[in-house]
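Enquirer: Given the sequences, and given the hints that come with them, work out the whole structure.
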Amino acid sequence: MDNQKLFISSHAPYWHNGSRLSVKNYHMMIAALPAVVMGICQYGAPALGVVALSVSVAIIWELLMNVVMKRPVSIGDGSAALIGLLFAMLLPASTPWWTVVLGTFLAIVVGKQIYGGIGCNPLNPVLVAVAIIFLSWKGLLDIDEALVNYDLGFFMVCPLAAVKHFGTSAVGDFTVGGLLMGQYPGAIGTTFGLGLVVGGIYLMLRGMIRWEISISFLVGVFVTALIFNLADAEKYAGPLFHLLTGYTLMGAFFLATEDSSSPVNFIPMLIYGACAGFLTVLIRNIGAFVDGTVFAILMMNVANPLLDKIRPKALGKGIDHA
Amino acid sequence: MVRKPFFGLGKPKLAYTQIDDIGTGIQEIPPPEKVTLFLEMTASNVDDLVLSTGDEVQTGQCLRPFPAGKSYLTATATGVISDVSFRTDPMGRSGLSVSIEVREKDLWDPEFEKTGMKPNTETARAFLRGLPGVSDFTGFIREDAPLRAIIVSGFDQDLLVATNQLSLRNSGPQLAQGIDCLQKITGAQKVIVAVPPALRSEADQGGVEVRVLDTLYPGALPRLLIERILGVTVPSAGGWQDVDIGVLSAEAVIALGQAYSEGKPPITKVLTVIDKKERASGVRVRIGTPVNHILESLHITLNEGDRLVFGGPMAGRGVYSEEAAIGPTTDAIMVQDKGQVFATFGDACINCGECVRACPARLPVNMLIRLLENGLYEEAAQEYDLLSCVECGLCSYVCTMRIPIFHYIMLGKHELASTGYLEESNG
Numbered sequence: 001m002d003n004q005k006l007f008i009s010s011h012a013p014y015w016h017n018g019s020r021l022s023v024k025n026y027h028m029m030i031a032a033l034p035a036v037v038m039g040i041c042q043y044g045a046p047a048l049g050v051v052a053l054s055v056s057v058a059i060i061w062e063l064l065m066n067v068v069m070k071r072p073v074s075i076g077d078g079s080a081a082l083i084g085l086l087f088a089m090l091l092p093a094s095t096p097w098w099t100v101v102l103g104t105f106l107a108i109v110v111g112k113q114i115y116g117g118i119g120c121n122p123l124n125p126v127l128v129a130v131a132i133i134f135l136s137w138k139g140l141l142d143i144d145e146a147l148v149n150y151d152l153g154f155f156m157v158c159p160l161a162a163v164k165h166f167g168t169s170a171v172g173d174f175t176v177g178g179l180l181m182g183q184y185p186g187a188i189g190t191t192f193g194l195g196l197v198v199g200g201i202y203l204m205l206r207g208m209i210r211w212e213i214s215i216s217f218l219v220g221v222f223v224t225a226l227i228f229n230l231a232d233a234e235k236y237a238g239p240l241f242h243l244l245t246g247y248t249l250m251g252a253f254f255l256a257t258e259d260s261s262s263p264v265n266f267i268p269m270l271i272y273g274a275c276a277g278f279l280t281v282l283i284r285n286i287g288a289f290v291d292g293t294v295f296a297i298l299m300m301n302v303a304n305p306l307l308d309k310i311r312p313k314a315l316g317k318g319i320d321h322a
Numbered sequence: 001m002v003r004k005p006f007f008g009l010g011k012p013k014l015a016y017t018q019i020d021d022i023g024t025g026i027q028e029i030p031p032p033e034k035v036t037l038f039l040e041m042t043a044s045n046v047d048d049l050v051l052s053t054g055d056e057v058q059t060g061q062c063l064r065p066f067p068a069g070k071s072y073l074t075a076t077a078t079g080v081i082s083d084v085s086f087r088t089d090p091m092g093r094s095g096l097s098v099s100i101e102v103r104e105k106d107l108w109d110p111e112f113e114k115t116g117m118k119p120n121t122e123t124a125r126a127f128l129r130g131l132p133g134v135s136d137f138t139g140f141i142r143e144d145a146p147l148r149a150i151i152v153s154g155f156d157q158d159l160l161v162a163t164n165q166l167s168l169r170n171s172g173p174q175l176a177q178g179i180d181c182l183q184k185i186t187g188a189q190k191v192i193v194a195v196p197p198a199l200r201s202e203a204d205q206g207g208v209e210v211r212v213l214d215t216l217y218p219g220a221l222p223r224l225l226i227e228r229i230l231g232v233t234v235p236s237a238g239g240w241q242d243v244d245i246g247v248l249s250a251e252a253v254i255a256l257g258q259a260y261s262e263g264k265p266p267i268t269k270v271l272t273v274i275d276k277k278e279r280a281s282g283v284r285v286r287i288g289t290p291v292n293h294i295l296e297s298l299h300i301t302l303n304e305g306d307r308l309v310f311g312g313p314m315a316g317r318g319v320y321s322e323e324a325a326i327g328p329t330t331d332a333i334m335v336q337d338k339g340q341v342f343a344t345f346g347d348a349c350i351n352c353g354e355c356v357r358a359c360p361a362r363l364p365v366n367m368l369i370r371l372l373e374n375g376l377y378e379e380a381a382q383e384y385d386l387l388s389c390v391e392c393g394l395c396s397y398v399c400t401m402r403i404p405i406f407h408y409i410m411l412g413k414h415e416l417a418s419t420g421y422l423e424e425s426n427g
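Note that the protein sequences, when read in sequence, are chains A and B.
According to our numbering, the first sequence is numbered sequentially starting from 1.
According to our numbering, the second sequence is numbered sequentially starting from 1.
None of these hints come from the bench; they were simulated from the model.
For each residue, glycine too, the CB sits at the ideal point set by N, CA and C.
Do not rely on the hints blindly, as some may be mistaken.
[To be verified] Partial selection, computed: residues in chain B whose CB lies under 8 Å from chain A:
1) Lys190
2) Lys338
3) His407
Expert: Right, dumping it as structure tokens:
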């Protein structure tokens, strides 16, 4: 027995399809890049500064929490970097440095690490941070207020705020093509609709996000906006306008699909996405806030454990013995 | 190793190996110097053993360790017993291990031939317990309530394995005889042959209903096969016995027919050997042959840190010794180079939902793993359908975090079985 060869023995399966978390997160960042690059091109160095600071500080917070909580260092899996990037994408280019540092702290520490790290967060960490910042310093995330000193050569009015306060006549100058190409003021990574759609389709086809959630979210926004528009076209903007403005596309492809806070069964995914889309338009049209995406998705995050109880009957479950 | 395709938004599509892809020859491996037979049982009093070292045995002889016991082993070689002991085998099962030093010439035990070789329950019970491909054939024989149906499966249980398909391709004409014997012995009302498309003509020779099914893994696992062919769902906490429908491999049925036509109980097993480059080839060996004998014959070398598996890549059993012997249910041996061995991790589940998509039994794997990691096995069975698992291994295969989910599930089932929970839920 002494000179016996030692084999590696483990439980089946002996194959793996090769997927891993870091690959998934890096691909999500790649998919987000077109929109980020467009934002940096539009708003210049300040936007680059916000993105770079957000990603790096998010990684530092993650590392600090790893050390404090005596857990294995997890910055290599790309999850902190992705949170930092997504958070930066939701900020206007003029966001001060301390907001970025505080926001990433809220996302990484309050949104994720205090629950036990990746996979344990009940809410989307990015949205937790955005919601807290938004409610605490209202002007910081108000596009019209934040970008008051910018003139990029197109109509410098936040379309969602305009339609909320002045009705559809105020946004007649925005065309679908213009909205798709980012020809309106907004947060760094949210205005280039075409880039977000291409990134989102890429992620769906690769199986890195759950297509059911994205599609049902967009359908939810579309149908609800259409109903409002049909009811009063003077007051409420059309469905395409709602799909292409604000955080809608970010929400559909990058925020609502966050793994840990969204359901995995087929019917719950559809309900989750559709309800989040419905709530988004509801808050925009008759709620207190200009954009409802953040609160709509957070609300559905809370409903997620309940929704995921709707699941198919397992094979052989509940059958009596002969 | 099959990787995730570049575009993959659905469940994994893994196909069973097709016979036409691997060649149809079966290489005969000469008998080894020693065969080791294994009878799974709880350890009993060693003093009652009637087998002892030094006993002469003949090929095909029934070796009864206890005179009163029903279970027996069939000697697969002529020679002298060199070891009889209770032990845990390299598969992790505990039971009685009997080793026979093999003599060159086979002398056949005449007992089976003397019975007149009539295919009936008595002869089957007395001589054919250990058919290749079945752990205990006598489980299919029920005098009081014969099985409603028996599905003869021409599919293999795992990827890369082609044992059943090889048997059917090479011995197709004997299938009809096997099915005839099977019907006489078990009294089953209906026998259905299930095969992949490539084996349709061989299956037609059986003379009974044939069902051609697609080759998508894990559709040929017994529970799924019963549901797909007969529309009967096996209860999660039970087995095929509960629905009176049996699943037998084509190899076993062919061996059954051959046993009665030749007057000799089966002593060989067809095996698929999967080498380090994942090439499969068919061999025929004596049951009880140690693995190193087979690997030497095929010029496959194993090094320190490699992996040796009984079975296929998805649901095989890892073994730790080259001395491990081929049993009647060992359909394949797979070797993996240490470079192909991937690590699993104990990280938390991120709830990506890949496992839920992949699961053929519709289990909430994402919730199940959270309970199993914390040892809440009974709750896992009651609330999250642990017992419905068909043991295909796809959950671990697709796991983004590389959590050994399948391992956790089997541990949970094992723990429930050892605490008696299963008997309670059955009762």
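Enquirer: None of the hints should be skipped; say for each whether it holds.
Expert: Results of checking the hints against the structure:
1. With a least beta-carbon distance of about 17 Å to chain A, the hint placing lysine 190 of chain B at the interface is violated under the 8 Å criterion.
2. At a threshold of 8 Å, the smallest CB-CB gap from lysine 338 of chain B to chain A is about 7 Å, leaving the interface hint in force.
3. Residue-level restraint check for histidine 407 of chain B holds (minimum Cβ-Cβ distance to chain A is 4 Å; threshold 8 Å).
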